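A.B. asks: Sequence:
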Amino acid sequence: MKPLDLQVNGYAGTDFNRDGLTAEALHHACTCLLEDGCDSILATFITDDLDAMSRRMARLVELRAQDSLAQEVIAGIHIEGPFINPEKGYVGAHPPQHVKPAGIEDAKRLLDAAGGLARIVTLAPECDERFRVTEFLANDGVTVSAGHCNPQLDVLRAATEHGLKMFTHVGNGCPMLMHRHGNIIHRALSLRDRLWLCFIPDGVHIEFFALLNYLRVAGLEKTIFVTDAISAARLGPGKYTLAGWDIVIGEDLVARSPDGSHFVGSTVTIPRILSNGQQHLGLSKDELKLLLDTNPRKAIGL
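Residues 1 to 302 in the working numbering are what the sequence shown spells out, letter by letter.
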């Protein structure tokens, strides 16, 4: 098994989403990822102002080009935002002041900063007028994923006809309280034949009994496990950052905002996912290989 993690914001003390990323920090993160059994990742950049997002991606691209280990581990970039839903609950840990409607010129700017490494862009279909950006990205070979969004079912279905292929961390990036049936989780699951469905299997973002239900509905053939790891992954309790925002890691190793109102990424690692998958979800090694290795590669064409 050679896991490909499609959503990694940072690792082992290194935050990809901060200014001043050093060659040493990037190399350290890549070394630790390999030590933890993660073969490769998509370095993930979350919503900020376009200058900051572009600057940080360009810095990682520059450092990766100088480090053979980083080239081996970092298979590409996942751009998560800023074209997401700004409403409370759906925006999650993303700074709402930097959220904006999808625009082709802004998308081009982000792709340019990613230096040809952009593999996934997460956006809100309802914030993409006539799905122009979705179509533009799909035509450029980028896997377009819905996330931090609340489109009605007809809008979500229509987006799949314009190139939408995936849904980012199903069950998260949405309010704690929603309509019991007409909600974004059920809409995503209903399109399981059209979308790759990504889940964070840490038992916190989705309790294991609920994740089991989702897996039964979705099936394993179009399902992907991700960590959504932040810089605190592999480390203990304490205070950390993501894109300049403070994060508190408690004794339970859960990443939360300082006021405890929402999760901010995850500290789960590939070894913990393997353990969780077998112990709490009853998955075999072959099934875990499908979710961590085979399906992620299919989803982004690697």
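To be clear, the hints were calculated from the coordinates, so they are not data collected in a lab. The structure displayed is predicted, hence computed values, not measured ones. A couple of the hints might just be wrong.
Claimed, not checked - Quick list of in silico lysine to aspartate or glutamate cross-link-like pairs, EDC-like style, CA-CA up to 16 angstroms:
1) Lys289 x Asp39
2) Lys2 x Glu251
3) Lys222 x Asp286
4) Lys285 x Asp193
5) Lys100 x Glu126
6) Lys2 x Glu62
7) Lys100 x Asp140
8) Lys2 x Asp51
9) Lys165 x Glu87
10) Lys100 x Glu87
11) Lys289 x Asp193
12) Lys298 x Glu221
13) Lys222 x Glu126
14) Lys239 x Asp193
15) Lys165 x Glu207
16) Lys239 x Glu221
17) Lys2 x Glu35
18) Lys222 x Glu251
19) Lys108 x Asp140
20) Lys298 x Asp193
21) Lys2 x Asp293
22) Lys289 x Glu251
23) Lys100 x Glu72
A.B. asks: Confirm or reject each hint.
C.D. replies: Do the hints match the structure? See the list:
Straight-line distance between C-alpha atoms of Lys289 and Asp39 comes to about 12 angstroms, which keeps the hinted pair within the 16 angstroms bound. Simply put, Lys2 and Glu251 have alpha-carbon atoms about 30 angstroms apart, too far for the 16 angstroms limit, and the pair is violated. At most 16 angstroms may separate the alpha-carbon atoms for a hinted pair to count; Lys222 and Asp286 meet this at roughly 15 angstroms. Restraint check: the Cα-Cα separation between Lys285 and Asp193 comes to about 24 angstroms, which exceeds 16 angstroms; the hinted pair is violated.
Among the hinted pairs, Lys100 with Glu126 is consistent with the structure: their alpha-carbon atoms are about 12 angstroms apart, no more than 16 angstroms. Of the supplied pair hints, the one linking Lys2 and Glu62 is violated, its CA atoms being roughly 25 angstroms apart against a limit of 16 angstroms. The suggested pairing of Lys100 with Asp140 is violated, with an alpha-carbon distance near 21 angstroms, which exceeds 16 angstroms. Between the alpha carbons of Lys2 and Asp51 the distance comes to roughly 34 angstroms, so the proposed pair goes past 16 angstroms and is violated.
With a C-alpha separation of about 23 angstroms, the suggested pairing of Lys165 with Glu87 is violated against the 16 angstroms cut-off. At most 16 angstroms may separate the alpha-carbon atoms for a hinted pair to count; Lys100 and Glu87 meet this at roughly 12 angstroms. As the CA atoms of Lys289 and Asp193 are separated by approximately 20 angstroms, the hinted pair breaks the 16 angstroms bound. With a C-alpha separation of about 11 angstroms, the suggested pair Lys298 and Glu221 falls inside the 16 angstroms cut-off, and the hint holds.
Note on Lys222 and Glu126: the hinted pairing is violated, with a Cα-Cα distance of about 23 angstroms set against a maximum of 16 angstroms. Between Lys239 and Asp193, the direct Cα distance comes to roughly 41 angstroms. Violation of the 16 angstroms bound is thereby established for this hinted pair. Only pairs whose Cα atoms come within 16 angstroms are accepted, and Lys165 paired with Glu207 is rejected, the gap being roughly 25 angstroms. Distance check on the hinted pair: Lys239 and Glu221 sit about 38 angstroms apart at the alpha-carbon level, beyond 16 angstroms; violated.
For the hint pairing Lys2 with Glu35, the CA-to-CA distance comes to about 12 angstroms; that is within 16 angstroms, so the pair holds. At roughly 34 angstroms between alpha-carbon atoms, Lys222 and Glu251 are farther apart than 16 angstroms, so this suggested pair is violated. Under the criterion of a C-alpha separation no larger than 16 angstroms, the hint pairing Lys108 with Asp140 is consistent with the structure, at around 10 angstroms. For the suggested pair Lys298 and Asp193, the alpha carbons sit about 15 angstroms apart, so the restraint of at most 16 angstroms is met.
Pair hint Lys2 plus Asp293 holds up; C-alpha atoms about 6 angstroms apart against a cutoff of 16 angstroms. A C-alpha spacing of about 30 angstroms is found between Lys289 and Glu251, which places the hinted pair above 16 angstroms, so the restraint is violated. Restraint check for Lys100 and Glu72: the C-alpha separation of about 33 angstroms exceeds 16 angstroms, so the hint is violated.
In the structure shown, a violation is registered for the earlier hints numbered 2, 4, 6, 7, 8, 9, 11, 13, 14, 15, 16, 18, 22 and 23, in ascending order.
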